[in-house]
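Line by line, the protein sequences are chains A and B.
Residues in the first sequence are numbered from 555 upward in steps of one, following this note's numbering.
Residues in the second sequence are numbered from 10 upward in steps of one, following this note's numbering.
The set of hints was computed from the structure by calculation and includes no laboratory data.
Note that CB positions come from ideal geometry on N, CA and C, so glycine has one too.
Be aware that one or more of the hints could be misleading.
Claimed, not checked - 25 Å max Cα-Cα, derived DSS-like pairs, lysine-lysine:
hint	chain 1	residue 1	chain 2	residue 2
1	B	K44	A	K617
2	A	K576	A	K617
3	B	K11	B	K116
4	B	K132	B	K183
5	B	K116	A	K580
6	B	K236	B	K132
7	A	K580	A	K597
8	A	K576	B	K80
9	B	K123	B	K90
10	B	K11	B	K236
11	B	K44	B	K123
12	B	K90	B	K11
13	B	K116	B	K183
14	A	K561	A	K597
15	B	K123	B	K11
16	B	K11	A	K617
17	A	K567	B	K90
18	A	K576	A	K597
19	B	K132	A	K597
20	B	K183	A	K576
21	A	K580	A	K561
Said to hold, decoys possible - Calculated from the model, a selection of chain A residues having no Cβ within reach of chain B, i.e. all distances over 10 Å:
hint	residue
22	M555
23	K576
24	G586
25	S588
26	D589
27	V591
28	Q600
29	A605
30	A606
31	K617
32	E632
33	I633
As the list claims (entries may be wrong) - Stretch-level coverage of chain B by chain A, calculated; a stretch enters the list once three of its residues show a Cβ under 8 Å from a Cβ in chain A:
hint	segment
34	64 to 72
35	109 to 118
36	154 to 167
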Amino acid sequence: MDSFHVKILVYLKDGVLDTQGKAVAKSLIDSGYSDLVNVRVGKYIQLWVNAASREDALSEAEKMCDDLLVNQLIEQYEIEIES
Amino acid sequence: MKTTVVIFPGSNCDRDVIHAVQEITGEPVEPVWHKEDTLPSDTDLVILPGGFSYGDYLRCGAMASTSPIMKAVRDHASSGKLLLGICNGFQVLTESRLLPGSLLSNKTLTFICKRCYIRVERKDTPFTSLYNEGQVLQFPIAHHEGLYFLPPGELGELEDNGQVVFRYCSPDGKVSSDFNPNGALNNIAGVTNREGNILGLMPHPERASEGILGGTDGALMWRSVKKWLERGGA
Numbered sequence: 555m556d557s558f559h560v561k562i563l564v565y566l567k568d569g570v571l572d573t574q575g576k577a578v579a580k581s582l583i584d585s586g587y588s589d590l591v592n593v594r595v596g597k598y599i600q601l602w603v604n605a606a607s608r609e610d611a612l613s614e615a616e617k618m619c620d621d622l623l624v625n626q627l628i629e630q631y632e633i634e635i636e637s
Numbered sequence: 010m011k012t013t014v015v016i017f018p019g020s021n022c023d024r025d026v027i028h029a030v031q032e033i034t035g036e037p038v039e040p041v042w043h044k045e046d047t048l049p050s051d052t053d054l055v056i057l058p059g060g061f062s063y064g065d066y067l068r069c070g071a072m073a074s075t076s077p078i079m080k081a082v083r084d085h086a087s088s089g090k091l092l093l094g095i096c097n098g099f100q101v102l103t104e105s106r107l108l109p110g111s112l113l114s115n116k117t118l119t120f121i122c123k124r125c126y127i128r129v130e131r132k133d134t135p136f137t138s139l140y141n142e143g144q145v146l147q148f149p150i151a152h153h154e155g156l157y158f159l160p161p162g163e164l165g166e167l168e169d170n171g172q173v174v175f176r177y178c179s180p181d182g183k184v185s186s187d188f189n190p191n192g193a194l195n196n197i198a199g200v201t202n203r204e205g206n207i208l209g210l211m212p213h214p215e216r217a218s219e220g221i222l223g224g225t226d227g228a229l230m231w232r233s234v235k236k237w238l239e240r241g242g243a
């Protein structure tokens, strides 16, 4: 078994209203960043897993995304793995 | 009529709903801790109460959807028995994919706690049989993530199937964006599954079940369920 560091970026799909992003954008614009056009906020999740291979670590992480980490009705994700 | 109320860590409307259902129906209501893997026997109605299960970590209702009790809740519902999710309970049901959609942060970017008007869209469900279609109810809401969302195609399907049970409206029943507290698509406040035995809603009927709390419109929900069960589920 090897140890893998899994980095998952979770963000709202295009077209899904991001009220948190809107609030952050408003605060930034109010602070003087007048050229700011839009903000969308996502999540960064890190996992450390033991697996026989990089492929196994990836498929395990994808299962965790499907089961709990990501709501695929509104969110999408990208996975990066480092050994 | 036997009711079970599931308590998750962070639930905070469990006592209110236990009290309201007991008081209005005179029937037994039992709490069950989420770590249990079975429901009390002969449970007719399971209620997932409001609150902040797991502190709303990850996404509202997401962690609770993986609690041990949820397998029993799923089996209960798939056998055709009744399941009701209120506020956070509704979020748990969408996260469990037992109901369509997802609840996003309110368009106001704030937590909203106030009385709202909702219109009854369907009376042919076990939860609404004693209401009239088009009847306007006053229920309180208290949430930060109550904006009902579905991608456009699926939203059309939900509407075509008549799965919307409650919509936010004006005091005289007009549905418009002026009377939509949280930005929910199509003013949706509550939806059912296609079979009609699972209902989720953001407003709190248990907080509108006794006059001392300022309104009794919610009491008919508990009486509707009782009557529906007494008629043998018809």
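So which of those numbered hints doesn't the model satisfy?
-> Going through the list in order, the structure violates hints 2, 3, 8, 9, 11, 15, 16, 17, 19, 20, 21, 23 and respects the others.
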